[in-house]
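Asker: Here are the chains, one letter per residue:
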Amino acid sequence: MERQGITTVAIQLLREVAQRVRPPRALWVPFAHGYPLGRPGEPLLQHAVIEAALRLLEVHTLRPPVLVDFE
Amino acid sequence: MGSMDEFSLALRLFLKAYRWRRIDPVPWTALDASLSQCRLALVSSAGFVVPGQLPFDDAVRGGDVSFRDIPSAIDVRDLIDTHRSQSFDHSGVRQDPNLAFPIDRVRELAQRGRIGSVNHRHLSFMGSITAPGRLVRDTGPAMARQLRADGVDVALLVPV
Chain A
1 MERQGITTVA IQLLREVAQR VRPPRALWVP FAHGYPLGRP GEPLLQHAVI EAALRLLEVH
61 TLRPPVLVDF E
Chain B
72 MGSMDEFSLA LRLFLKAYRW RRIDPVPWTA LDASLSQCRL ALVSSAGFVV PGQLPFDDAV
132 RGGDVSFRDI PSAIDVRDLI DTHRSQSFDH SGVRQDPNLA FPIDRVRELA QRGRIGSVNH
192 RHLSFMGSIT APGRLVRDTG PAMARQLRAD GVDVALLVPV
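Residue numbers (the working numbering), protein chains in the order written: chain A, 1 to 71; chain B, 72 to 231.
A hint or two may mislead.
What the simulated footprint calls covered on chain B by chain A, stretch by stretch (three residues with Cβ under 8 Å from a Cβ of chain A suffice, anywhere in the stretch; the number is not a length) [stated by the list, open to error]: (1) 90-100; (2) 130-139; (3) 168-177; (4) 188-201.
If you're looking for bench data, these hints aren't it; they were derived computationally from the structure.
Every residue, glycine too, gets a C-beta built ideally from N, C-alpha and C.
One chain only, chain A, in its complex shape (with noise of 0.2 Å):
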């Protein structure tokens, strides 16, 4: 997608594997599998994390590839 012009930004939620495939721009999640955006019926957690992940679209110092803890 971004070679073809579309900022990403991915939600992850193993750490080793983000590292090793390389995505551009990656938000590391402490959920388990099955929660990428926290809990269900949890609005305000699920838009901290989409907050989290939008504002990795913003930082212009960011060089690839991206990995930042959700915190």
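With chain A fixed as given, assemble chain B onto it according to the hints.
Answerer: Using the frame of chain A, we list chain B on its own:
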């Protein structure tokens, strides 16, 4: 926390020996515009389909590399989990598909102006693809062309 320890011994051994594809060089499209002017699409590997679509096929050797368009107007409660993997707990995404397909959340972002707009469709495929050659060669570029034709600026990639 997402960890290999969640998986069965057999899967952990498989993953330990698995030859992950390394992206090199890493492609990069900087975001030139403000997010408040950008169109966003979701790309989820959680295997969701909408009523009337074929479920993902767990009989395809190496993994089903097809994808489905998910209309943006879908009611999130209508999303159907067809992911074949038994290596994760499906109860969360079945209770609230926003967990892996956050369509309500991105609509809310557009309503408050954090993003410019939500694309009229999103893309869904099923992860657990152990032979990703066709995914990389065919499916990924086809998905990208589709979103590009829609005028999408930003894709949020969500696993499960």
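Asker: So, for every hint listed, does it hold in this structure?
Answerer: Hints, verified against the model:
no. : hint    : verdict
1   : 90-100  : holds (count 9)
2   : 130-139 : violated (count 0)
3   : 168-177 : holds (count 7)
4   : 188-201 : violated (count 0)
Hint violations for this structure: numbers 2, 4, all remaining hints satisfied.
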